[in-house]
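Counted the way UniProt numbering counts, the sequence shown spans residues 1 to 551.
Worth flagging that the hints you see were computed from the coordinates, not collected in a lab.
C-beta: ideal position from N, C-alpha, C; glycine also.
It is possible that part of the hints are untrue.
[What the hints assert, rightly or not] With a straight-line Cα cutoff of 27 Å, these simulated BS3-like cross-link-like pairs (lysine-lysine) come out:
| id | residue 1 | residue 2 |
| --- | --- | --- |
| 1 | K312 | K325 |
| 2 | K344 | K273 |
| 3 | K261 | K201 |
| 4 | K386 | K460 |
| 5 | K287 | K273 |
| 6 | K231 | K373 |
| 7 | K231 | K287 |
| 8 | K153 | K165 |
| 9 | K241 | K117 |
| 10 | K273 | K347 |
| 11 | K112 | K73 |
| 12 | K241 | K231 |
| 13 | K153 | K287 |
| 14 | K165 | K261 |
[Claimed, not checked] Here are the simulated distance ranges between beta carbons:
| id | residue 1 | residue 2 | range |
| --- | --- | --- | --- |
| 15 | G174 | R362 | 46 to 54 Å |
| 16 | L535 | T79 | 52 to 60 Å |
| 17 | D446 | E132 | 31 to 39 Å |
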Amino acid sequence: MLRRTNASASKATSYARASRCRTRHQQPFGTYSQRTAAKSRPALPTVFIPTSSPTIARRFASSGNRWFRHEAKAVARYTMTIWGLAAAAVVIGLCVNEEVLERYYPTPHEWKYMTRKYLRDANNYLNPQNGEVNWARALELSRGVIIRLEDDKLDGQAVEKLSDKGDDTLEVPGEFIACNITNKSQDWRRGYFEAMMLAAKAAEHVDGWVRDTTRNVVSPPQYVIGPSNPKPTPVPAGDPKAPREEDCVAAYPDADNWYMKLLATVGISPREKIEAALAYASFLEFKSRLEEAEAFYALALSEASRNLDQSKLPFDPRTFTLHEKADLPSTNVLDSITAIANFKARKGDLSSALPIYLSLLRARQSLSNERPKAVKKATNVPIHTKLINLVSQPPYPVPQSDGFQAPWRSPEEQCQEASLHLYIGEILYASKSREDGVSWTRDGVDQAEEQLRGLKVIDKTPTTEKTCRECLGTGLENWNVMVSNLALVEKRKGQAGNKQGGMFSFFGGAEEVEGRWAAEEAVVAQRIRRTRELLEEIKPPNYLLSNWLKA
């Protein structure tokens with residue numbers, strides 16, 4: 001019995017051992033290889049078979065959502081910060097740009113912001129430093145300034161219209177009705193006059209421009225295709241195609257409207273009225289309306305001498321020559337008579353223009369050389385005051401002289417004397433006194449160059465530099481043309497003399513005369529090269545925001 005029991009136990013033990021072996025050998029190959037592989041080499045993500053345990057997947061999804069939320073918040077935060085800084089930089093740049101333009105082109109402080117901005121931008125479009133002068137845009141902006149200044153809801157409070165009849169064909173029917181601006185301040189009136197003159201000057205340059213009604217495009221008349229322009233000028237590359245004449249209407253009103261309105265305005269100063277009359281007369285002369293131009297030149301002279309005793313005028317009302325023993329003429333009288341002399345010279349009346357020029361030169365040379373006493377500026381200004389002045393808007397410029405006093409011989413006035421030398425030289429050269437004409441022209445060039453090189457900081461204004469530079473450039477051009485013609489004539493005479501005299505002509509005394517104008521021609525060429533730096537207006541680089549956006 002005991003032996004049978006032991007046998008049964010041994011059988012059970014053998015069966016269990018066999019079962020374990022059978023179970024171990026029946027395990028999947030993948031599981032076994034995974035266990036053995038984990039012991040023999042590292043479990044890299046590329047070869048390790050990931051598990052599909054739901055706990056691990058849930059943990060991965062939860063951490064991924066947190067990461068995505070963090071990254072989304074960071075992206076939004078950085079995007080808003082960058083765009084906010086960029087917007088702030090643009091706003092600051094625009095404000096600085098407007099402040100710089102305000103210092104270049106000051107406007108009355110009592111105007112509204114948009115009115116002042118329109119006038120600044122209109123002046124800026126006429127600045128060659130910004131590229132090609134855009135007269136059309138300047139006219140549109142200056143028209144906007146005038147309309148705003150006459151609108152009682154904007155800047156036109158207390159501005160009275162002198163008539164109720166307007167032109168219904170205009171966008172603003174009462175645009176060209178004269179106004180009474182005596183109730184406004186002096187700075188307001190000066191700004192109004194500046195805007196009116198700017199609009200009139202711009203209208204002169206866009207005279208004849210047309211607007212294509214099909215595309216609302218403004219174009220100069222030389223590009224229009226039609227019967228009135230059989231040979232149109234090719235349109236520059238990049239511009240809209242040329243308009244057709246049947247689709248075009250006048251783009252802008254005539255300049256006469258602004259000049260006549262300005263001359264009829266009540267409240268402008270006599271000096272401003274003289275400037276407007278002279279500018280309008282020059283425009284009429286350009287349009288070949290000589291009788292009207294002469295009338296407005298006379299109007300300017302009448303306005304300049306209205307405060308004088310009519311029985312003791314410093315000039316002859318018939319010939320317009322200045323009297324030698326009369327009192328010194330005022331600035332208004334000098335400017336008006338100079339314009340009349342130029343008008344007579346351009347019209348061909350040289351015999352009348354020459355005495356006027358000579359009397360003007362004599363009068364200008366007799367002016368005082370003493371500089372008027374200027375108001376001394378404070379030198380010991382506190383630092384905090386300087387900082388306040390730096391960030392505050394600049395004061396509006398003080399008004400200039402009314403022109404009823406005699407000027408002093410400033411550099412600008414001496415350049416005016418040089419221009420008179422040039423006028424006299426041209427007349428003498430045209431009247432067969434050629435050597436005298438060259439001599440007068442040479443003296444004018446010398447004086448203009450001397451003034452331009454010797455300008456002091458206190459006298460170095462844009463008007464003075466422009467006057468002297470134009471005088472010097474015109475004088476050099478006239479001098480070069482005169483001497484070149486005389487040298488050519490002299491050369492031909494020398495060649496004719498050599499043919500007649502044969503070989504013995506080389507021993508004559510004509511050689512010195514023959515080389516005179518050729519030598520002076522070389523001197524003129526050298527003078528032109530030497531003064532080139534004076535004629536070129538070199539400005540420092542402009543660091544305005546708009547310049548950084550240009551290619």
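* Hint check against the structure, violated hint numbers in rising order -> Violated: hints 6, 9, 11, 13.
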